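So the protein lines, in turn, are chains A and B. In terms of the working numbering, the first sequence has 60 at position 60, counting the first letter as 1, and numbering is strictly consecutive. In terms of the working numbering, the second sequence has 318 at position 318, counting the first letter as 1, and numbering is strictly consecutive.
Source of the hints: derived by calculation from the structure; they are not laboratory data.
A pair holds if it fits inside one copy or across any two, identical chains being indistinguishable in the list.
Calculated cross-link-like contacts (lysine-lysine; reagent style PhoX-like; alpha-carbon spacing at most 25 Å):
1. 362 / 72
2. 222 / 262
3. 68 / 362
4. 72 / 339
5. 48 / 72
6. 50 / 72
7. 68 / 48
These numbers were taken from a predicted model, which means no experiment stands behind them.
There are 2 protein chains.
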Amino acid sequence: MQTDKDNNDPGKPISKTTQDLPGGRLNPSAFRRTKHTGTESVESLAEKIKSGDTSALSRGITLIESNKVTDKPLARLLIRLCLRDRQDTARIAISGSPGAGKSTFIEAIGTYVADQGHKVAVLAIDPSSSLTGGSILGDKTRMEKLSAHPNAYIRPTPAGKTLGGVARYTREAIILCEAAGYNVIFIETVGVGQSETIAESMVDIFTLLLLPGAGDELQGIKRGVVEMADLIVVNKADGERIQLASQAKIAYQRALHLFPSKESGSTVEVFICSSTEDKGTGTIWQHITDMLSTHRTTGYFAQRRQQQLMHWFDASIRNNIFEIFLRNNDIHSEFEALKQAILNHQITPFDAADQLLARFFKDKS
Amino acid sequence: MQTDKDNNDPGKPISKTTQDLPGGRLNPSAFRRTKHTGTESVESLAEKIKSGDTSALSRGITLIESNKVTDKPLARLLIRLCLRDRQDTARIAISGSPGAGKSTFIEAIGTYVADQGHKVAVLAIDPSSSLTGGSILGDKTRMEKLSAHPNAYIRPTPAGKTLGGVARYTREAIILCEAAGYNVIFIETVGVGQSETIAESMVDIFTLLLLPGAGDELQGIKRGVVEMADLIVVNKADGERIQLASQAKIAYQRALHLFPSKESGSTVEVFICSSTEDKGTGTIWQHITDMLSTHRTTGYFAQRRQQQLMHWFDASIRNNIFEIFLRNNDIHSEFEALKQAILNHQITPFDAADQLLARFFKDKS
Numbered sequence: 001m002q003t004d005k006d007n008n009d010p011g012k013p014i015s016k017t018t019q020d021l022p023g024g025r026l027n028p029s030a031f032r033r034t035k036h037t038g039t040e041s042v043e044s045l046a047e048k049i050k051s052g053d054t055s056a057l058s059r060g061i062t063l064i065e066s067n068k069v070t071d072k073p074l075a076r077l078l079i080r081l082c083l084r085d086r087q088d089t090a091r092i093a094i095s096g097s098p099g100a101g102k103s104t105f106i107e108a109i110g111t112y113v114a115d116q117g118h119k120v121a122v123l124a125i126d127p128s129s130s131l132t133g134g135s136i137l138g139d140k141t142r143m144e145k146l147s148a149h150p151n152a153y154i155r156p157t158p159a160g161k162t163l164g165g166v167a168r169y170t171r172e173a174i175i176l177c178e179a180a181g182y183n184v185i186f187i188e189t190v191g192v193g194q195s196e197t198i199a200e201s202m203v204d205i206f207t208l209l210l211l212p213g214a215g216d217e218l219q220g221i222k223r224g225v226v227e228m229a230d231l232i233v234v235n236k237a238d239g240e241r242i243q244l245a246s247q248a249k250i251a252y253q254r255a256l257h258l259f260p261s262k263e264s265g266s267t268v269e270v271f272i273c274s275s276t277e278d279k280g281t282g283t284i285w286q287h288i289t290d291m292l293s294t295h296r297t298t299g300y301f302a303q304r305r306q307q308q309l310m311h312w313f314d315a316s317i318r319n320n321i322f323e324i325f326l327r328n329n330d331i332h333s334e335f336e337a338l339k340q341a342i343l344n345h346q347i348t349p350f351d352a353a354d355q356l357l358a359r360f361f362k363d364k365s
Numbered sequence: 001m002q003t004d005k006d007n008n009d010p011g012k013p014i015s016k017t018t019q020d021l022p023g024g025r026l027n028p029s030a031f032r033r034t035k036h037t038g039t040e041s042v043e044s045l046a047e048k049i050k051s052g053d054t055s056a057l058s059r060g061i062t063l064i065e066s067n068k069v070t071d072k073p074l075a076r077l078l079i080r081l082c083l084r085d086r087q088d089t090a091r092i093a094i095s096g097s098p099g100a101g102k103s104t105f106i107e108a109i110g111t112y113v114a115d116q117g118h119k120v121a122v123l124a125i126d127p128s129s130s131l132t133g134g135s136i137l138g139d140k141t142r143m144e145k146l147s148a149h150p151n152a153y154i155r156p157t158p159a160g161k162t163l164g165g166v167a168r169y170t171r172e173a174i175i176l177c178e179a180a181g182y183n184v185i186f187i188e189t190v191g192v193g194q195s196e197t198i199a200e201s202m203v204d205i206f207t208l209l210l211l212p213g214a215g216d217e218l219q220g221i222k223r224g225v226v227e228m229a230d231l232i233v234v235n236k237a238d239g240e241r242i243q244l245a246s247q248a249k250i251a252y253q254r255a256l257h258l259f260p261s262k263e264s265g266s267t268v269e270v271f272i273c274s275s276t277e278d279k280g281t282g283t284i285w286q287h288i289t290d291m292l293s294t295h296r297t298t299g300y301f302a303q304r305r306q307q308q309l310m311h312w313f314d315a316s317i318r319n320n321i322f323e324i325f326l327r328n329n330d331i332h333s334e335f336e337a338l339k340q341a342i343l344n345h346q347i348t349p350f351d352a353a354d355q356l357l358a359r360f361f362k363d364k365s
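Whenever a hint applies, use it, and build me the whole structure from the sequences.
Set out below in structure tokens:
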């Protein structure tokens, strides 16, 4: 992989970086002048983040969370200053139904990993928070031990983000955390909306947490999520549930045998874990480390990250262009009228799409 | 559901139909005059199709397959004339790996259904034929008995269609077949490319065929396909394979227990079938009939079809607009340059998408 040394050389002027970018000429004023967020220049903020200043990292993430129009070019500049190739980090999703014990699991494995000297950041993907205004990591007492650890950084998910916004925000928060030296990034998903799909498209390892008790555990899991898993953890295997957890492990192993094999070439293994009794986390971390090492050797690690970059480029263009398209008032009302005509079997969806596009590009040309 | 009676009244002038459509004014000349394909008017072709003339149906499908620019408005008019609400038909996908016996299964169940007096049409989705120029149903001898049946119509998949083209073509072929009185439509998929995803978005029932021999059968099945299945058929359960097939059935039933439940509310059942010894087809058809009847009662049938209509409208707009976008030479070269900048970690995919769109809509405004 190519690393972008120029971009990360603090001695280089910003304008140089911008000229190198295709299309940088579109908005040059946004980059040629030193920009300030509050009393602090973006350049200075970036330097502080890269020196490992946690409070600067928090200010940086607050900037990228901001919905203020004037903050957007500042956030963009900050990301560009912090962006570089990070093949040496691990991005790990922790998914599972509500009640599967995701927070306690992250607390346990995160502490284990941080104790080994890794720098651990925890982010969350919660598209539901845009509806509820809630925040799944907002209550930091849920990860009391980890949040007090000198090697750990926990950031609650912001409220009020759209679905597309959640993805962008999370990717950018990962960039800032990695620039600040965090090399193991856990991403908690909430099991609602598109959170797993978003997470899968930005992590190296996707972990699915399940509850013991064979048979009906997966009924709460959304379609397609099991097949995303790089490993499965039967969690809450404590006390009387140990027997149940062992049975569940066997059932899942048998079932996984019937699933298509992973593109990574790795077998999906099933683990038993008790986050409260702190059993299993070491074994699970060892397995994750081994998988990452194998994926780096085979080239799958780099390939997956490249595919993710191209996925988000493609998805962003498609989503934004569709939004811009529907923002046109004439188009929007015809869009709604055509929907009704389609449902009334007066026109096919393909024919309707042709009509709408012909109208849009006629207006534009 | 509302039916579009006006559209199907042969006594009504065509121009009336067009005025009712939102946006019909965009291209009125295409609809006000009587159009001819060869020596036959489109109106006359539509009437012949609706009277059940199989040879007219074949000419109609040839018209919608045509890549000639002058044929496009004719094909569009033909579809509009044949389009109506068809809640009384059943669209059934038959999927599975190459070698799972899809053609022999369709031959067996299709003949069974046609013998019962249903009118059976067989179409195929084969995105690979655009690469190979091949045609999975081209060799009609593979369904010798069914193709000779007076109640059956088999249409090979056309070559040279793009992925988007395959979906549109298949949906339009379904409309024409249903207009011609075919009430059971089987759609064979090839297990490559996006064929299952396309099929799932246009059928009422998705059938997955698997081979006997528990354990490794699913390794050839693409990710996500098992979860599409409304029912699973362990095929080729003949001779010495009967024992293996029974074991496979038990294994799948156990595994399916661990899958998320279907939106339809129906349980995914596993059947054993021998297409060559003609065992199991009656039971499977009874099950499909029962499921369809339940889904009609619960409203799931109508809901799924409506969702499919909206899916294809949305997908068509998104795909077409993206194509139009990239057809712009400046955009295309910047698109490629930005891809490289993203892979070089000089810019994020989101930032790159913003730049590209700003440029496009600046040029347009």
